[in-house]
Structure formats: C-alpha cells, structure tokens
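> Spelled out from the first residue to the last, the chains are:
There are 4 protein chains.
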Amino acid sequence: MLKVAIVGATGYTGEELIRLLVDHPKVKITSLTAKIDKPQNISEIFSRLSGRIDLQCADLESVDDVAAISQVVFLALPHRVSMKFAPQFLQLGRKVIDLSADYRLKDTELYEKWYKVVHSSPDLVQKAVYGLPELYRAEIKKADLVANPGCYPTGIILGSAPLLKNGFVDVSDIIIDAKTGLSGAGRKAALDLHFSEITGNLKAYKINQHQHMPEISQELTNLAGESVKIVFVPHLVPLNRGILSTIYFKKSRKMGLEEALDLYKDFYKDEPFVRVKPSGQFPQIKEVFETNFCDIGIWTEQQSDTLIVISAIDNLGKGAAGQAVQNMNIMYNFKETAGLL
Amino acid sequence: MLKVAIVGATGYTGEELIRLLVDHPKVKITSLTAKIDKPQNISEIFSRLSGRIDLQCADLESVDDVAAISQVVFLALPHRVSMKFAPQFLQLGRKVIDLSADYRLKDTELYEKWYKVVHSSPDLVQKAVYGLPELYRAEIKKADLVANPGCYPTGIILGSAPLLKNGFVDVSDIIIDAKTGLSGAGRKAALDLHFSEITGNLKAYKINQHQHMPEISQELTNLAGESVKIVFVPHLVPLNRGILSTIYFKKSRKMGLEEALDLYKDFYKDEPFVRVKPSGQFPQIKEVFETNFCDIGIWTEQQSDTLIVISAIDNLGKGAAGQAVQNMNIMYNFKETAGLL
Amino acid sequence: MLKVAIVGATGYTGEELIRLLVDHPKVKITSLTAKIDKPQNISEIFSRLSGRIDLQCADLESVDDVAAISQVVFLALPHRVSMKFAPQFLQLGRKVIDLSADYRLKDTELYEKWYKVVHSSPDLVQKAVYGLPELYRAEIKKADLVANPGCYPTGIILGSAPLLKNGFVDVSDIIIDAKTGLSGAGRKAALDLHFSEITGNLKAYKINQHQHMPEISQELTNLAGESVKIVFVPHLVPLNRGILSTIYFKKSRKMGLEEALDLYKDFYKDEPFVRVKPSGQFPQIKEVFETNFCDIGIWTEQQSDTLIVISAIDNLGKGAAGQAVQNMNIMYNFKETAGLL
Amino acid sequence: MLKVAIVGATGYTGEELIRLLVDHPKVKITSLTAKIDKPQNISEIFSRLSGRIDLQCADLESVDDVAAISQVVFLALPHRVSMKFAPQFLQLGRKVIDLSADYRLKDTELYEKWYKVVHSSPDLVQKAVYGLPELYRAEIKKADLVANPGCYPTGIILGSAPLLKNGFVDVSDIIIDAKTGLSGAGRKAALDLHFSEITGNLKAYKINQHQHMPEISQELTNLAGESVKIVFVPHLVPLNRGILSTIYFKKSRKMGLEEALDLYKDFYKDEPFVRVKPSGQFPQIKEVFETNFCDIGIWTEQQSDTLIVISAIDNLGKGAAGQAVQNMNIMYNFKETAGLL
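Order-wise, the sequence lines are chains A, B, C and D. To get this note's numbering, take the position in the first sequence, counting from 1, and add 2. To get this note's numbering, take the position in the second sequence, counting from 1, and add 2. To get this note's numbering, take the position in the third sequence, counting from 1, and add 2. To get this note's numbering, take the position in the fourth sequence, counting from 1, and add 2.
No wet-lab data here; the hints were simulated from the structure. Honestly, I wouldn't trust all of these hints.
Since the list gives no way to pick one copy over another, a pair counts as held whenever it fits inside one copy or between any two copies.
[What the hints assert, rightly or not] 30 Å max Cα-Cα, derived DSS-like pairs, lysine-lysine: (1) K115 / K267; (2) K253 / K208; (3) K40 / K143; (4) K208 / K267; (5) K28 / K256; (6) K208 / K252; (7) K144 / K252.
All chains should be built: construct the whole structure from the sequences, respecting the hints.
Here's what the structure looks like:
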C-alpha cells in the first residue's frame, strides 16, 4: 500500500481527498496535518468520515516527521503556502502533488503579478508538470512534482483542447462565461459566503481579473501554438459543488455539429474521465456531482460563425481532489480509474 | 379607483400581479379568472394573500361579464391563448395589457414559425405597443393594447439599448449568456421542475432556440437601425426568481469604462426603474428581488475590444407583472412608480 | 412625519427595518448608525435599497447628535450592547424600541445567567413593555421603552396563548420543535454559516439551551398564571427567512378540532396579523415570507390526548423588524397596519 | 458474480440502487425494467451513470425473461404494484427484495386500511421478513422475500430500539417530529414538488396520517412488547436527500445522559452502519448524505422527564437502496458492508 500524507487536510479539498483515498484499493493514508489548534481525530472534524477513518490531524510541526511515514504528499494548501513546503518534501525524496497554484504558471513573473508575492522556488516551477492527464500523461508518469490544475482551468482547457490543437477557431476571440458553486471559495468564514447572502442570489465577480486567467491563457496558448486572447467572466451560483463553463468560439473554418462532435469524441476516445454528450444534449452539474468526470456538450451549425462548448465538472472532483488522485494513479502505475470509478 | 381584471390569475405572474395591485393606491381588483375546476377564493389558492384580498377566482365563462366590471384587463395567459381573448376585450372597449408573447412580434410570420400556430388577429399585432416604457413610453400612454415584454428580452434590451442606439458596437456579434430562476418556467407540474432535479444542478437549455430570440432580435434591430445577429444561451439556475444576463459586445470605437458608464447613466437618467451600478460593481439578483428594477453593470477597458454588460431583473417583477403595472400607470396617467416603490 | 433613528442599521434586522420604514406613510428615517469603519451611503451597503433611500450610515459617535434629529430610536443591536444606549436615549426623552433581548426578561438574575453579563440598567427592565401587541397592546401604547420580542418567542407565544390563557392544556408538558432559517443567525462571518455547510444540511442545535428559552417560559407562565415547563429544540433549515414552530400540548380537557379552531379564531378575531388556518390546513413559510403575519394551524381529534399547534412567521418580519414597526404604529397612534400591509 | 435485476429502475430509488450496485464487488446487474415507452440505455436516463454502466432499460413484459437472467430481484416499485410481481418471482425461485410497503405490515387489514387496496398475496406477507438488519439479521439471512423498511420508519425505529427494548420509556407517549428532503416524494411531475414551491419553504404535512405510521407502530410495539402510542408529524424541508427525526420520549426511570449514551453504544456496538454521536453532539444530514449510515444523538439530563433522540439517515441510502443492498449482502453471505463503505 502506498503511504500517503495530506498537508492541509481540513479544507474542502482536503476532505474530498480523504473521502476518495479512504476507499482507494492501493493506498493508506498515514499522515494528516493542517493549521489546527490542537490535534483532533479527522472523523470528528468531518463527521461524514466517522467509522471510515480513524486518524489524528495535527499541526504540521516537522516536515521530516511527515516524510518519514509517507511516500507521496498531497499539498492541499492555499496559494503562496505550498511553495514553503514542496521544496522540503522533494528534498527528502518524496513525490509531491500540489493542489495550489504555486507551480502551475511557468512564467514566474506572471505568477508574481497575479498572486502578488515573490516566488521562493522558481527553479522547481520549471521541473513541475502541469497535472492535466488528458494533455500531459506521459510527463506526469515521470514527475516528482505535479502542479494540479485549478478548477476553472480544468473544465475550460478540456472544453477547448480539440479545437485549439487543430487550429479550427480564432484564438484572438474566446469568451468564457463560467458559473461556479460555493465550495470553490474554500472552507472559511466570510460574510459574503453566508447562506443568506447566497441563496436566491447570483452574480458575476472578478471579471477578467480572476487569478485563474493566466493559467487558462498559458495552457490554451500551449494548445494553439500561438498566443490566445480570452475574456473570462466567472459567476457565483447558489450550489455547493460544480462548475459549468460556457465557451464561445469563432470558427476559422466551416464546421457542422456532427464534425465538431466527432472531433471531440476522437480527441477523448481513450479518456476514461471525459464524456462527450450526444448531439443536442448538454452537460448538467448534477451528472458530474462527486465524480471525476468532465462532461462536454457542443452547439454549432454549419452556417454559424459561432461554436459553443459547454463543459461541466465537480470543482472538488475533476477540478481538485479527483484529478489529484488520478495524477497519483498515473505516477504510481495504478489503474488510472482506481478509487475514482 | 381603476377597476382591474386579471385573466389567468393562478399562475406565478397572476399571483405577482395580485400582490402588486392589492397595494396599489389607485386600483381595485374586481375580477379574477383562470382555468379552474370550481370557483375558489384567491386567498385560498395563494395563502400568502390571505387577509389582504377577499375575491373569488372562477373559470372565465363570459368575456362580457368580466368586461362589465372592469376597465383594464391583464391577460396573464400562456402564449397562443391570449389572442383568443384580447380581441374580445378590445371590441368591448376595454384596454388590454397582455403578458403573453402573442402581440410582441410585429412580423407574424416569425411569430408563427417560433410559436408554431397561426396568428388569429394579425391586424391587432400592428396596433399593439411593445410595453417597454424606457423605449416606448409615449406610445404606451396612448395604447389600447400593450404587449408586455418577455422576461429575458426586458433585461437584455435594457442592457443593450444605449450602445445600439448610438452605434457603438458591432451589431453582427452579440453574445448573450443568460441565467434564469425557475419561476420563469411557470407554475405547472413537470418532472424537470422537481426540486430534486434542480437543487444542486445547473444547465444550459434551448441554445439559440429559445422562443424569446426573435423578440430580442426585433427590438435590438429597432434600436440599431440595422439587422443584428445574436447568440443566445439561456441557463437554468437553482433559484426561484431572477434573471442575470451577461452580454458580450465588440466595440466599434474606442471607449473606456467611465465613458461607457456615463453613456448608460445619461441614457437612463430619468428612468425610475433602471439603476446603473458604479464603476467596478455588478448587479446581483438579490438586489432586484421582488422589485421592478433593472440593474446594469458594465465592464470594459480603453484598450479592450470587448464591452460586457450585465443586467439583472426579477423575472416576475420588471420581467412580467411589475412592468405590466408600470405600463398601466403610464396608460392611466398615474405616477409611474405607484404601487411599485 | 415621525423622525426615526436606527442604531445598528447594517444587520439583517436593520436592513429590514429600513425596507419597511422607507415605505411607511408617516415616517421619515433621519439617522442611521452602525459599527462601521467609515461613513457610507446605506444604499451602497444594501444595494436593494438603491434608488429608494439616500442617507449616510455612520459610526454612532454621539447619542446626543442622533437624539437631536430623531423622535423614536430603534436599537437593532446585539444583546448586551443595547443596554449601553437605551438609558441614554430615554434620558434625552426619546422613545426606544429595542430589538435585542436586554429588556425582555423581567427577572434580571435570569438574564444574567442566560446572557452571562451583569445588567447595567435593571430599573429600566421593570419599566420596559414586552412588545407583543396581541398580548400587551394597551401597555405598548403608553410605553417609552419597548422590548421587542425574540423571533422564536413570537411564534411560540402566539401559538400557545389561547390554550394557556384558558387553562386547556397541561402546563408541565409542552414540547416545542422549532425550525429556523439562516438570517436568524445574523449578518456575520462564520464558518458554520457558509453556504456549503448549510445547503443540503439540517440539524438541531442548542437543545434546551437556546437563550430564548427563559423568554418563552416567562411569557407562557404569564399566560398560564402558573409556572410552565417546556422542552425546546431549535433546528437549522436551509432557508433564508422563516420560523416554523411545531408545538405539542397535552390537553387537560376534551376538545375537538373545531372547538380548538374556534378558540383560536375568537382569541385573534381582532388581530390584523394573526391568521388561523382552516381545518386540515397548516402554515407554510412561503406564505408569511416578508410579511408581518403569524399563521397558525391546529391538529387534534376529540379522543386524542395531544393537541398540535404549528405557527409560522418570518423571523425578520413578525419576528423582528415588522413587529417593531407594529409597535411604533401603536405607540404613535398610527394605523396599526401602516407600512406593513 | 450474483446476477441482479431491478424492476422499477427509473425512480430515485432505482437510480440509487444502480449507483450502488455498479460498484459492488460481488454483483452484476443483468436486468433493468421500468414503466417506459421504449427501451433506452439507463445511462441516457441517468447521465450521471454514463461511462459506468451500459444496459438497456425496457418495459417489464415478461417476468420469466427477467427471472431467466437474474438470481435476485429488487422491486423498486410503488406501493400496490409490488405485490403483483413479487409472487411471480418467488414462484420462479428468485429471491425478492421489495422496497415498497406491500409486505411490511403483518396485519393485512391495517395495510388495506392505510393503502386503500385489497392485498392480493396475504400469505406471503407472513413469510416476508422485515428488512431492518439491526433487528432481524438472522431472519434476513434465510429470507426469500425481504420487505425493505420505509424511510421514516428506518430512522425512527433505530432511534427508538434501545429504549423500547429495555422498557425505559413510557410507550404511551412518544412524539416524533420528522423532517424530510424532497427525493422522498419520488421522481414524478407534481406542482407541489416544483422548485419554486419548495425553495424557501417549509411545512408540515399528513399529520398523524402518513402511511408510514402503522409500520412505525408495528415495529415499536414489537420492540416494547406492548402496544405503543405515537404522534407523528412529518415536515417537508428544502433539501434533496435526508431525514432527520427528533423523537421525544418520557422516561419511565431515572437516567442520565451518559447512561443513555452507553445504552445506545452498547446496543449498536457491532453494527457497522449505526453511529452514536458523542455527548453534546447531534446528527447532521450532510454527514449521512449518500451513505448507509444512521447517526443517532441523544439529549437528556438526570433530573429531566424527557429524553430526546435525534436520528439522521439518507432516505435513499439507509432509508431505501442502501439498506436493500445491505439486506442482499446478508442474504448472500457477502461482507455486510460490501459496496456500501
């Protein structure tokens, strides 16, 4: 059994990691740490796990102690905090799957601009592999440090890849209207996350200013082979889990719906976690809820300039913990769907 | 007191009309009818109204009887049904405010294509006034038949008018990503409206096929003075009331945010029900909940090609019953905000 | 116009007070204060009010300044804070309607035990009138200081009064199973109020330990003329506004359903804000939403020992701000329903 | 692999059965039938299952055909429909787990009174085993026909068993205040299940008239060894899944909280699916969501007459499909938690 540590176990992502790994046939969770006043059994913190796991969660006092009892470390930490710990675990020979943004942006200047902090291990950024298996599976297999993608980027990149890779759309005019549930905001106290502020409400936020923008741009640019230009408007929707991204492309060549669907079905034909919806059908959040699937639906018409892609993921599943487990499966040659299907 | 009849009183729009008119200082509701098995007090059907109104709601058996006790008639009926009754009430000299789609589209061929029925009173279509006060106040003042706008069109047209009227954007490339609550689907039994199908869910539907498309196109074309081309993707969001429309324009001239905001503030400076948000702020559904307001927020930058307008309305308020009352206020020279503020 | 000050304007109760008073035909809001970093227009804090009120909300620096421009003061403050200000406003000859718990409990020892603080103006406690109009209308009329009832107590006392007043039930065995929405928890940042913690969830809390217990006991004891014994289990339900209280009584005499309903209808026959449901019907939260009504439904059978009363209120309406306005109407000889119906 | 048929696969219970059985290590689903117009792949009906199961769901035309390819049959049918099919499958030598109410009530007169239909196989009623493993494990092991308990009864019986079995409470005075989510109402079109009727709402229904009453009474009476008298008030709460039952007992002997907790912990010490909460903690719906757990919390004090038990289950999990799978595991000597933990 692979010995696994989770650092940052008390957030929503940490909780989901535990929920998935507890049932994983090849894994044993050996260490849970978090910013916490005093050690507490994780099944008291997340009572849904009671009866399924019996392990103390304590403050991370010694990286050595955690490394001593684990082979792979999941960092479910806030941005800016991960880069304090990742180098230490790597130094000690442990593999690291980092769920923060700290190693996703290859351009550290861009990182420093968007995250407003100096990067403390820029060399590691270049060694890190962007953990989107559908695009980087081979690299993930050999990686010591995986930068697990952000939630918005995951759904948007998967929804865009076949078109951009093939040069079928105008890369200078991509509009992304995304809608997320509230768990994406993290497990923290804040007035604007109060149930009474959210239920019955709906709003856009951080228009073209969301910190996931450079990550989306980086990966879409990689796919297109030229610099892309995106508009990105995230919205907050009164639901717990899920992201629906409606992406508006301008076609650079004639393409009907069936051709577009075939393109996507072919591109993802070997992917266990990407499901392309049949013609005339579109993804729904409840269909990816608590799964590692990314569902994709397409609308276009032969004579239409526009091609619309809608992708749906669970932001804590394929958008975070599920994908991290998928990456672990790849890194350790487990069945890629182990613990996820 | 103006004597008012509501035909179709038992839908969500009918309920909201009653709620507003019960408190209206110049109005007395004298007749409530609906498709109903046996007469029932409206305060039993909608118990929230109990203690505020005491009136039977019965099947509409005789247009003459209803006309005999009313001066103005609100038709809160399904599409295709209104056009059976509007001509009769008009014939009897009653003014009609029709909340269905039957008299909104000036091109009856278009109506017949989208609503899949032959129009039975095409002549009246031409006499009907499109009841959006911000654009047609003078005509509404003199109208006998007002075609109250659809919910999606209201928010989208108000969000687009200043730009299109001034020719500041590319009319061939308008993308509308709209999100609606469930009351817009009407008060009816249907599996896909089941609470368990909607809570925690989110999806697009009727992409570029929603019956409000030709209505939006007609009015945007009128504003622009040339044929517009829109992409329209409605989404269902787990909330009861409200529509948020995120509209993506391509600018046809340089324009910074302040200039855009000034344009909107100026365009709507005398409008009691349109609120333009300050720079950097965007509308929220809860801020227009149960009101007749349309809130508008704008994002652009000097160097950006894109200008984003976000508008929010309550689909039963400004998107239906509230606007109908506003129209009535204009038709009868009441204070325009009477019963609404 | 009566000049009104609201101290503590930025909570949910403050917001609801403003929403009601803005439309009140006899009132002008002249002062809004709150714990706030720098003065801000209230319509920016609560954008739903934008276009309806234009008034700065500032930190309360001088009681004299507030008193100078107001005749009546609503204290929408947390428990323990109100008693700092109420004496000062009264001293200056202003009438005070206090929405906190500070002047509700006649037994200050009990107050000090439950609220864990020494009462700083015990003499005023005795002068304060408990602001439940259905029981204390005459006293409210003459009061200088009204202690506006708690949300749970309002629905429970109104649901119990006719039975207890007439001695028809066992006062030693009253079980209250109450369910509240989240706005009752107040407008504040807290992890357990996070949307993701509440949606899809349901739980009991503070069993027999809720601070409203002594208030309920005090008033039920007053009604019964002897000491009552209650069990009180509040539950948190994923909705914004509303309290449903299901109260289980043991009958001390034979009584059928019709007799019970007649008792209630008679008891409340002159009350504009209490609606007794017909036989076989029970209150629903949506029917009292954003109203000042208390709806009551009853179940019993001739041969049953048990009589069940279900009452529904909006916790911010009849349970707080609505009732406070009703009290003001009574104190100033306005029509009791002014601004509320 | 055990070959499993599900009759009535298109309801919420059917969907949950499939979701659980698809992952079950010892089972293969071989037949899915339902009242359906034309055969359709189940992963189209429930797209969440897409990629996990590939099986047609068709109308049940021949019991023989279904029996030919299955060893055990789950009947996820409405009450009154199951009894048409159960005898046929049993006749053919198949084991049957019936999730309807048809074989739960040993007194068929009672069944006929509450379900308003003549029972067509009263003999089988006597052979059926009530499928609550915590009480009837030995009988279930040998059963051919298991009557899977109702959702309300499951949580209530488990919450009551230790007290009643030991005679520690007054059996003539048991008050049950239960709160359920909407999936319990079934997957069907109905106006009162419309999202807009439920969100923001809360109400009691079928007070002392719910069809689960005689089932609860039967089992509590069995436990107590004498006839019990219950009051049962179910409430509808705006959530998808989950039942929270707050049960009010009168103690017949002195008992403190620790003693009560010990009683429960001891009673359920070998049960994998009953979790007794520590002192001062109470169950939450989200902690049992999509699980087969029943969580139980207790409140009492030494000097209090009252003892309160709160139990929480997922109505589709332990309250239906989860428990049915647990019963199957017992019947076929699988690990009892297989496919459930």
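> Evaluate each hint against the coordinates.
Outcome of the hint check:
1. K115 / K267: neither (37 Å within a copy, 34 Å between copies)
2. K253 / K208: Both. Shortest intra-copy (27 Å) and inter-copy (21 Å) distances satisfy the 30 Å Cα cut-off.
3. K40 / K143: Neither: 37 Å inside a chain and 45 Å across chains, both beyond 30 Å.
4. K208 / K267: between (33 Å within a copy, 22 Å between copies)
5. K28 / K256: Neither, since 48 Å and 50 Å both go past 30 Å.
6. K208 / K252: Cα proximity of K208 and K252: in one copy and across copies (24 Å, 20 Å).
7. K144 / K252: Neither. Shortest intra-copy (37 Å) and inter-copy (44 Å) distances fail the 30 Å Cα cut-off.
The structure does not agree with the numbered hints 1, 3, 5 and 7 stated previously, though it agrees with the rest.
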